[in-house]
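Participant: Line by line, the protein sequences give chains X and V.
Each residue of the first sequence is one higher than the one before, counting from 1 in the working numbering.
Each residue of the second sequence is one higher than the one before, counting from 1 in the working numbering.
Hints may be right or wrong, so weigh each one.
[To be verified] Listed below are the simulated DSS-like cross-link pairs for lysine-lysine, each with C-alpha atoms no more than 27 angstroms apart in a straight line:
id, chain 1, residue 1, chain 2, residue 2
1, X, Lys65, V, Lys58
2, X, Lys10, V, Lys229
3, V, Lys173, V, Lys244
4, X, Lys88, V, Lys44
[What the hints assert, rightly or not] Pair by pair, the computed Cβ-Cβ distance ranges are:
id, chain 1, residue 1, chain 2, residue 2, range
5, V, Asp177, X, Lys10, 49 to 55 angstroms
6, V, Tyr46, X, Ile8, 48 to 54 angstroms
7, X, Gln35, V, Gly417, 25 to 31 angstroms
8, V, Asp43, X, Gln70, 50 to 56 angstroms
9, X, Leu16, V, Asp177, 56 to 62 angstroms
10, V, Glu295, X, Gln70, 41 to 47 angstroms
It should be emphasised that the hints constitute simulated quantities derived from the structure, not laboratory data.
Note that the structure is a prediction, hence the values are computed from the model and not measured.
By construction, the Cβ of each residue, glycine as well, lies at the ideal position given by its N, Cα and C atoms.
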Amino acid sequence: MKAVVTVIGKDTVGILAKVSAVCSEHNANIVEVTQSVLQNMFAMIMLVEMPDVSDGLGFLSDRMKELGKQNNLQIHVIHEDIFNTMHKI
Amino acid sequence: MINTADILETISMLNEENLDIRTVTMGISLLDCISDNADTACDKIYDKIMHRARHLVKVCEGIEREYSAPIVNKRISVTPISVVSASAGSDPAKYAFTLEKAAKECGVNFIGGFSALAQKGYSAGDLELIEAIPAILSETERVCSSVNIGSTKTGINLDACAKMGEIIKQCAKLTADRNCIGAAKLVVFCNAPEDNPFMAGAFHGVGEPDCIINVGVSGPGVVSAALKKQPGANITTVADIIKKTAFKITRLGFLIGNLASERLGIPFGIVDLSLAPTPAVGDSVAGILEEIGLEKCGAHGSTAALALLNDAVKKGGAMASSHIGGLSGAFIPVSEDAGMIDAVNAGCLSLEKLEAMTAVCSVGLDMIAVPGDIKCETIAAIIADEAAIGMINMKTTAVRIIPAIGKKAGDKLNFGGLLGTGAVMDVNPFSCERFIRRGGLIPAPVQSLRN
């Protein structure tokens, strides 16, 4: 199963490291990353691949939300199927 | 990699523009629960609902978590109870309490199907059920009721209109201490759809399979936001933007519906292509009409703008899912839509204009609070007018009107939650009593010579 992780917030040291650490804790392999910093604002989109375990994405999402709160970042984890269904005919 | 713009658009739709799945509704046939003994039938009904829907809420919550797409309501619809209860003689109340108990156990917030189909006349069980509606809606929390009183093929049952005028008033009276909520759980239909997932009018038609999952989507906020990005676009482009947005909204419904169906092991039925507003700021169908260019919903041009919106939603939605049905179209429930409430308060939106608007959009006169001293015959005539629009235009129309007991035009009725706040609207005071008291059946219309 693949999911998209988006991270938006004020640029600080170690955002990428913290997000990747959570991915690794949940056995989520980072397949692609695109990142930009515009006037102090950090924006990152990651495509991660996870094993198909029950509620795996739910747990990753909870943990990312927690991380977002601690670091004042907006982090969203969304299943890849949502994008593929909504944006492709 | 998925397109970055698509990712950002989806996130803002889900997080800022109130895109959600309004309802996942499980339709359950109770035809195999019919018995000449009401107790036996009720036992069978309880067992069947529990067997089929026990995991509905849990599965939907799992999908919500995994896909980050909110599913606001999980609901159940069943075969019209008048059909199920007829062979046991009567006592529809027993059936209603069974539905309430099963719904509570399953954790769903509404169960629809305390219904009767009386478009051409009453069959066994219909009248008993209709007469039990006020008490049932007052004594239960989750049971929703609907009565079909007309169709394009049969005409309009004027006796049933008159009866429903009285029943609606009684529903409001019995729940006067609770903002007349009883009447908000009762819908009177013309051309009622058999696969509608939306409450209060959902029931599982007799032509439907044994058990099925139907999904209703929402997303007026998403459409408004898309239109805001192109404020100067001409009206054809406006239709195009709505069509494309409706496609995306419907695809989400299609995905979630299929997932629920797969996980519950129950076939997928339809996506209801709906734009259902909520009282939340920005989640308003009136807001879309205002974005199209009207100062307030109800201004001249509202009917045309709504017709465009409704048609574009269907075009986009039909492309997104092969199985569509239910009420499909833009909803204009007054109390549930912040923009509609504003328009009523500003004196811009009248009952007459709403009636015209229902000729070109989904459903009908929905969630409208009227003065508590309204005559039963006037309610009946409002139902007849709305049914006539549905009958002639071969579309579903419905009336969900709430007599605000003890209140007059301009007062407020606060239902809370998704049902919102109703501003009590003025009603034409002239009598329609002689018309309603004639009784009988308005004949079915001719299908040619369409002018």
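Participant: Each of the hints needs a verdict: does it hold here or not?
Facilitator: Results of checking the hints against the structure:
no. : hint                                   : verdict
1   : X:Lys65 / V:Lys58                      : 22 angstroms, holds
2   : X:Lys10 / V:Lys229                     : 26 angstroms, holds
3   : V:Lys173 / V:Lys244                    : 45 angstroms, violated
4   : X:Lys88 / V:Lys44                      : 44 angstroms, violated
5   : V:Asp177 / X:Lys10: 49 to 55 angstroms : 52 angstroms, holds
6   : V:Tyr46 / X:Ile8: 48 to 54 angstroms   : 49 angstroms, holds
7   : X:Gln35 / V:Gly417: 25 to 31 angstroms : 41 angstroms, violated
8   : V:Asp43 / X:Gln70: 50 to 56 angstroms  : 53 angstroms, holds
9   : X:Leu16 / V:Asp177: 56 to 62 angstroms : 59 angstroms, holds
10  : V:Glu295 / X:Gln70: 41 to 47 angstroms : 46 angstroms, holds
Taken one by one, the earlier hints fail for this structure at numbers 3, 4, 7, listed in ascending order.
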